[in-house]
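*Asks:* Spelled out, the chains give:
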Amino acid sequence: MENILGTNLDRIVILAYFAIVMGFGAYFGKYSKTTSDYFFGGRRFAWWLITISIVATGIGSHSFVKYSTKAYQYGFSSTMTYMNDWFFMPLFLFGWLPIIYYLRLGSIPEYFERRFSREARYLATFMILMYMIGYIAIQFLTLATALYKIYGIPLMLTVILIAIATTIYMHFGGQTSVIFTDLIQGFILIFAGLLLFYLGLNFLADNTSYSSGLKALWNNLSPAEKLPLANFNSPPDFNFVGIFWQDGIAGSIGFLFLNQGLIMRFMAARSVHEGRKAAAFNVLVILPVSAIVVSNAGWIGKAIVNAMGSDSPIPADLAPNDVFVTVANLVTSPGVFGFVIAALCAALMSTSDTLVNASSSVIINDIYRPLTKNRGSDEEQLKLARLASVLVKVIAVCLVPFFNSFDSIYEAHGWFHSTFTPPLVVGVFLGIFWRRFTSAAVIATFVVGAFLMILGQIYPSLVSPFSHGIEFRPGRGYSYIGALYNLVVCAGVGVIVTLFTKPNPNKNLTGLTIFDVHKLKNIFKGSEVNESIGKPVVVNYKIKDLQKDMVSFSEDDMKILNAKKGDLVYIQDSRWWLGGLKSIHATYAEPHKDNGIVYISQKQCDSGMFIDGLSLKAEKEM
Amino acid sequence: MNFYQTWLPFIYLYGIGGVSFLLGTLLIFKTGALRVNDPVHKKWIWVLFYGYFFYAFIHAFFIYLAVESV
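For the protein sequence lines, the chains are A and B, in the order given.
Numbers 101 to 722, taken from our numbering, label the letters of the first sequence in order.
Numbers 5 to 74, taken from our numbering, label the letters of the second sequence in order.
Rather than coming from a laboratory, the hints here were simulated on the basis of the structure.
A portion of the hints provided could be inaccurate.
[Stated by the list, open to error] Here are the simulated PhoX-like pairs of lysine-lysine, each with C-alpha atoms no more than 20 Å apart in a straight line:
1) A/K717 x A/K644
2) A/K664 x A/K717
3) A/K377 x B/K47
4) B/K46 x A/K621
5) A/K717 x A/K635
6) B/K46 x A/K377
7) B/K34 x A/K619
8) B/K34 x A/K635
9) A/K665 x A/K644
With the sequences and hints as input, model every part of the structure.
*Replies:* If you want it as structure tokens, here you go:
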């Protein structure tokens, strides 16, 4: 056993944090009454709530360890994977997001069935589940590696304990719990990361001759360590061009278009517009901040070593993977160190809960429902979803030893992106943007593409034409740039097979490609969309039984809303800071004469959890 | 520091990435997914281009500072 880090106070802080989050998550379980609530949170949340919960999903525990490792080795270029996600935003915001939202897709594999065939759906289900469960296993491994150094409990036992702790609140809560626990965890991990940066800068200022920590940091990094992008094609384990294709292209498309957890977040937004705001704010504001949050321990560590030389408290032979915990322990006081490690726990819990919820959604929506003739009630399916989330964690725990055999977490993660995303990326991309792309072609992309990818791993000479001059490492192949080869062979197979097979009739593709995005609102509403702009109204509610999903406003209120009978309305508790937690979607019924009153059914009142005497805010949707 | 360390990654990133960005933007215009005459969509056009140049500026600025610090 290596040196145990931290004090008893730190250990208590970490345990207290776990207990608080579990209680918080279990409390929000009461908002999950149906499988729709459990998986999608009822499509009701404001953009800012979605944004913060995306932060917590995007920053996994592996992020702190992986990026501080590269920051320690290579400086500011550790941030490049957080700063290359904008290129596909036009297609995501105005192509993919409206498609998944307005078609009410339950999962990514469901898109493959509707666009192609049931066989395509099963293949996509298998690959997406493999990807997500493996990702969860990496999260468990990373956090267990850190906690192992603090508690001294054997690694695999730590993994099991983490899995049990995260199961408790996930099991009862579902997506609403995930969103709300991720809200506080998102704040905590950003705050803890920035606090660590601040304390690290203070440490540098105190231990060097510079007047401020920022000056000390800047002047104690070499010019190469100040560059924001890595060297073009060397060294083999961290070069710009390989990481660009693996992360900037395959990873970005995979994250935006195929990450079931992220897609479910956007499905929980109250509208496509709110989803767009959440996505844009996340990439433009939160990701640059996150890059600092996850990398700064490495920069501080490197500056300390450069500034203090042989007097440095950081050992010269420090394993780069340990730099996060070592620097955190060095620059913080007892208790604060525990808080920073609790943030690492927050990152793990928030990322893995999203992935577990997404995996159980895929199991129910893409395996159970299509394969079962006599489906149980929604309540029984909810129970199954909870059991599925436990099963996913058990499999993830079993996979941990496999990922522990990689040289580093960065490489394990890179292997994932370059192996599992290219066939799916090609399938979904050509499916959305090329009407001619056929069902046979997508299956060939998955099967033949996977075969050619395996060939590329066995015979690296196949990858070498794509290598951009990156050095070949015997026994380890071309790591990141393999993603380019994988993308090319999968796309090549897809295009060739499409050209030799008969395309699906266009009428079967309505709403499933970008060419029909302008029709999606009509498909969603089921009638002509009312695009006229109205104003929100604040009203009180009275209970009255109307037709299913209908609500009735006064004629005057309808004029202010600029709404007509049959239009869609979103009604929420007027307290904005609830972010749509208490809200419903409904359809306008015939208006009445009582101004300032909306008639809703008892069921709608229960579903929105509206409180008697508190006003509601209503807005026309379309 | 040589060209492979400084400006080549930048040119490659915003060259290949820029082509992907422009093709995507053209596609959403052409298919009517993004409508120029919609006031809400008009704001989004600005946001999309702002995002591209925002990141290009940050990267270029830090490369410049690093080169100057040699």
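*Asks:* Which numbered hints are broken by the structure, listed smallest first?
*Replies:* 8
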